[in-house]
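Student: Sequence:
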Amino acid sequence: MLVILLEDRVVKPASICTGCPLANQQGEPRWQGEQLRCGRPAPQASEVLPATFECAMGFRVVRVS
2 MLVILLEDRV VKPASICTGC PLANQQGEPR WQGEQLRCGR PAPQASEVLP ATFECAMGFR
62 VVRVS
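So the sequence shown is numbered by my numbering: it starts at 2 and just counts up by one.
Simulated from the structure, these hints should not be mistaken for lab results. Hints may be right or wrong, so weigh each one.
What the hints assert, rightly or not - Pairs of lysine to aspartate or glutamate residues, derived as DMTMM-like cross-links and limited to a Cα-Cα distance of at most 20 Å, are as follows:
#	residue 1	residue 2
1	13	29
2	13	35
3	13	55
Said to hold, decoys possible - Distance ranges between label pairs, derived from CB positions:
#	residue 1	residue 2	range
4	46	26	31 to 41 Å
5	28	48	23 to 33 Å
6	38	16	16 to 26 Å
7	48	20	25 to 35 Å
From the three backbone atoms N, C-alpha and C, an ideal C-beta is built for every residue, glycine too.
Produce the entire structure from the sequences given, and follow the hints as far as they go.
Tutor: Now the structure itself:
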């Protein structure tokens with residue numbers, strides 16, 4: 002499951018990505034394999050945390066299980 006990290010909360014991508022022109026037809030981030038296609042890898046704060054990406058709109062996207 003993909004989530005977006007904000008300063009004080011975690012939200013589902015549907016609440017943000019539906020208005021993004023880079024989102025897929027379902028209003029979700031373009032995720033393929035282990036890569037965010039509508040963003041780039043973000044610096045990791047810790048090796049313990051899952052891979053974090055920064056979308057083109059500036060939001061932090063994380064895949065959690």
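Student: With reference to the structure, classify each hint as holding or not holding.
Tutor: Hints, verified against the model:
A threshold of 20 Å between alpha carbons decides the hint, and for residue 13 with residue 29 the separation of about 9 Å falls inside it, so the pair holds. Taking the CA atoms of residue 13 and residue 35, the gap is about 18 Å. The hint holds against a cut of 20 Å. Taking the CA atoms of residue 13 and residue 55, the gap is near 15 Å; set against the 20 Å cutoff, the hint holds. Separated by about 32 Å at the C-beta atoms, residue 46 and residue 26 satisfy the suggested range of 31 to 41 Å.
A hinted range of 23 to 33 Å for the beta carbons of residue 28 and residue 48 is consistent with their spacing of about 32 Å. At roughly 20 Å, the beta carbons of residue 38 and residue 16 sit within the given window of 16 to 26 Å. Checked against the given bound of 25 to 35 Å, the beta carbons of residue 48 and residue 20, roughly 33 Å apart, stay inside it.
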